[in-house]
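Construct all of the structure, not just a fragment, from the sequences and the given hints.
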Amino acid sequence: MIDRSKKYANPYLSGFLLGIILLATFYITGRGLGASGAVKSTVVAAVNAVSHTHADNSAYYSKFISDDHHPMSNWLVFEVLGVLAGAFLSGAIAGRLKLKVEHGPRITYKSRLVWAGVGGVLFGFGSQLGRGCTSGAALSGMANLSLAGFLAMLTIFGGGYLFAYFFRKLWLS
Amino acid sequence: MTGPLIPMGVIGQGWDLVIALLIGIAFGFVLESAGFSSSRKLAGVFYGYDFTVLRVFFTAAITAMVGLLYFGYMGWIDLSAIYINQTYLWAVLAGGVIMGLGFITGGYCPGTSLTGVAIGKIDAMVFTGGMFIGILFFSEAFSLFESLYYGHYLGPVKVYEVLGISSGLFAMLLIIVAIAAFIITAWLQKRIVKVEK
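These protein sequence lines are chains G and W, in that order.
For the first sequence, this note's numbering begins at 91 and goes up steadily by one.
For the second sequence, this note's numbering begins at 10 and goes up steadily by one.
A few of these clues could be false.
[Unchecked claim] Among the chain G residues that face chain W by a calculated CB cut under 10 Å, a handful are:
no. : residue
1   : Ala114
2   : Phe116
3   : Ala139
4   : Trp205
5   : Leu237
6   : Leu262
Simulated from the structure, these hints should not be mistaken for laboratory data.
Here a beta-carbon is modelled for each residue, glycine too, at the ideal position from N, C-alpha and C.
Shown next, in the form of structure tokens:
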């Protein structure tokens, strides 16, 4: 664990660069970064394609559909495509491209995959209720000094600490 | 040029998506190179064996926050044209705790899971698949959560207004808290690594 982490960039330098990227995003677009919003746009676009009537009648989907604007041609969707490309590039340079399941020493890869799925469902659900995830609600919301941003940060990480004890077998040796 | 550039019409709307792609590439590159494509590294912040998340996250938030305040002070950006997250109190509190539970069980958050997907982490792909299901479920069952979703609306309020202090003082206090957290966690990590050995 310790030896592997040496290949990663210095966390304070990474944080500074991430902050500059976030500042540039605000300066150029007037909004922060995001991630879960792109997944939501994809879900909205898919549901709208399957049944436009259903999407139009839903109090939630209809918030994100307008006639002149396809839900996929969304800023965040392109940003997230960039995230995939940028992460792939970094992984390629560092020699980290490899198909694998990463799991704690006390669980099998199967239980890791089950819990990863459970976590994804919960995070996806929570990001819609909380109006954004760690990127859009917490990080960007803290940078613009919104109360919502600080509350999102405190509850996401606070929630993690609150439940950490019960899931220690997933991560600790 | 006074920002934000696109809302002010300095950069045309057509460039919007090109810029989104370029910013995304930089975002993804920095996240992956910091180690955020590894769920075990991310989960470390909750057990004290790796504080990378805290260091990167806090440094980034403070850099951008101070930068925005400085740009606003210098007149380089019109801060009133910046999007401020709306506070719906019950929704953000409940949503945040559910996301926390998702973080500790899944080992990722949405953005970091995408960096894991990009380098071939199968657990990250499953997490991302789960996100689609969670979002679909929320959307389909929205009427059940609608009152929670809109409950206790406070508007686009700023954290320093609620605390009754100036933005500059709040920024300074946050920087002090961050530096204290960096020092304490560096000390903690040394002790915890020793115990684990």
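Worksheet item: Does the structure break any of the earlier hints, and which numbers would those be?
Response: The structure breaks only hint 3.
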